[in-house]
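Just so you know, the protein sequences line up as chains D and H, in that order.
Using this note's numbering, the letters of the first sequence correspond one by one to residues 10 to 549.
Using this note's numbering, the letters of the second sequence correspond one by one to residues 898 to 1148.
There's no promise every hint is true.
Stated by the list, open to error - Below, a sample of chain H positions facing chain D; criterion: calculated Cβ distance under 7 Å: (1) Asn945; (2) Asn949; (3) Leu950; (4) Ala952; (5) Leu953; (6) Ser955; (7) Ser959; (8) Gln960; (9) Ser982; (10) Leu987; (11) Asn998; (12) Arg1007; (13) Ser1019; (14) Phe1037.
Since the hints were made in silico from the structure, they are not lab data.
Just so you know, even glycine gets a beta-carbon here, dropped at the ideal spot from N, CA and C.
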Amino acid sequence: MKLNLNSQHILVAEDQAVMRETLKHILYDMNAQRIVEAESGVNAIAAMRKNSFDIVLCDYNLGTGKNGQQVLEEAKHLKLLPFNAIFILVTSEQNPGMVLSAVDNKPDDYLIKPFNGQQLLNRLERCFMRKQALADIEIELDQGNLYQAIGNCEKLLAQNDKKMRMQLLKIRAELALKISDLKTAKAIYLDVLLERDLPWARLGLAIIAFMQADYEQAIDGLQDIILQFPMQLEAYDWLAKAHEATGNIQAALTALNQAIELSPQTILRQQQIALLADKAEQVDIANKAYRAAIKLGKHSVHKSSRDFSGLAKNLLKNNPNSNLLNLVSDLLEQFPNDPEARLRAATLESEIYGALGKNVLAQESYEKTVKLNEQFGQEAPRELRLEIAQACFKKGDTEVFDHIMQDLIKTNIDDKKFLETITQVCTTVMGENYAESLIHRVKQELVDINNNGVSLFKEGKIKEALGILEQAVGNLPNNQTIVLNITKIMLHDLKTSGSTMAKVQKAQAYINKAVQLGITHDKIGGLQTELARLASTKLK
Amino acid sequence: MTKLVAYKRNWPASPALNSNKIDFMTDSQALTVHFPAILASSVHDMKNSLSNLRALISQLESQYPEAKPPEFKQLEFESNRLNNSLMQLLTLYKIDASQFNLNVDESSVRDILNEIVAQQSSLLALSEIELIAECDDDLFCFCDSTLVSNAISTLVNNAQRYCHSKILLSARQEDEYVVFYIEDDGAGYPENFLADSQKSFGIDVVTGNTGLGLFFVATIAKMHRQGSSHGYIKTDNASSLGGARFSLYLP
């Protein structure tokens, strides 16, 4: 395929004027007409907000602000890149894929400096070809249609293009993992390993062992990978997870620290260390990681107000002083107009003033917290909501406490671990039975609604059954049983009273939600097959 | 990698490093730990400078639309060599420090050869040398394609110094190996560069001026493994063009 740059809208992000000029020259020599330049990460993002680019050539090193990887992450996060756009990260790093990249945000390719026009053109052509080949998968993934993506991946594999084969197998296995179809994933990884000892296939097997809660085997496998492929950084992340699952926090921290030494720029790993160290009450390590995460977060979409509050809370326990208020104002400055940050700031402020004995100010901040909680509380992360609930309880506001707890139980009714946490928190403040009776009540409500829906369905009152269950989804949004039952009833409805485009789409949306909630392939796969059959035979 | 370990022991012994001028490191133990890292970061920094230098050269060059002064060829050639050497030193350092592993994938050999030709293209445009690349379109190879194309490219770069007018770059399947050949029409390798198996292949890194390139590609070759076999290199003067022939075997 010959690539014509004539019609391509190209962004060149590079902080050094000399390099920028050279890149432009190379591109103009290749017939490019529409080139936009940016000399910093912020300007690159601004340019992408204004224009939709086909090709982004972005240097990793962009001076003091965002680096190229952070530009990529932000562009993806803000959906500034069309799915068929090519993003190439330019770097002088020899093995950039291993050192620079974050797991979920890989550029389409790396270009190692120095390079000439011919090399750039080769690279662009290869990227275009690959993008085109994988477009059918990407489009479905973009819509959250995992099963359709898998179908298209299988079709591409059947075409037997050797150039794409390994990549497609890797994608196919990863998609299988996403729908918890461990059998298929395992078969692919074992097949690939028979042909060649590739680290991603070994990693896949270790992940499967982890998913099957066989942590010993996962740890063994991951340690082997690290020994032989020390730059396979994902292996360290999974090793940390496996150690954590066995309760060995120290080993988990060690694994993450090794990864950070090899690739220091990863904020997500620092955040992980902070949380783990907090859990193990290793305050110094936690604080160091929080500080690192705050520093790295300055230019990153992964920055989190939780890093500020985690650090502030640890410091507060150790030595309450008014300097901590600076941390709160830093937090607000870093996250302007962010409800979660405002909630965290108000909660912290109240605690700090309380610890300093400034009761009037503490009360003011507390009232601010309650007000913000009314406005934004439901969108806040659950760990923060638990914290707010506890603060309310301390102030004797049992009504708010009750309200938050009920809501948390409803939205997490399938999450045993979190329910345990809730029970723990409640036991310390309300006595033993409080949480248990709340959880029991929600579960009973769930059973009632579900049974009610099922009886209506059995009586043939499909519409009513769906009505009741769909209303329940609004109230208990993350419950697997209800979502699964709705899907089944919808399929029945499609079968008996005919398909319309709207019905098929709605059923698909529920299947996607089911997958998202972690319902495994053995429960949902059959329904997807049936839906596909119904959609293709009856919809003409 | 035993050779590199031996290096490490030698470094602190050099007079410049033992002098009292480096006052932030007092005992020789600290030097053993830090020097390789300083060396590596310096090499990295040099690579960045070189990158800018090359950008400047190419800008200067673009100001001569037709008849470019012959010095550009030399500039391009030397900066290419410098860059390759720095890249290889850096990679060898990382291998030694366990901060490196191959990034193996199934790659189209045609793509690899195209990349090598592309890397050489600006240089070839300035010289009279002809680079021919030959392979089957459906030849595939499990390897770290970036590293392999860089390593071979360095050797092609060297071949330009020693050939008469022609370099042949080719690849083909031979039993369970994919073999890359670089052949030229020059005078051939001198006696001390000839080696016919990976076992007897030893290069005197201190005396040979192209020692690094061969040492590097031999190291990389050996890291490519499949079952019990691993990659290796050969050097001989059996080129179909009459000069030197280099062969890289990857399992």
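(request) Kindly indicate which numbered hints from before are broken by the structure, ordering the numbers from low to high. (result) Violated: hints 3, 8, 9 and 12.
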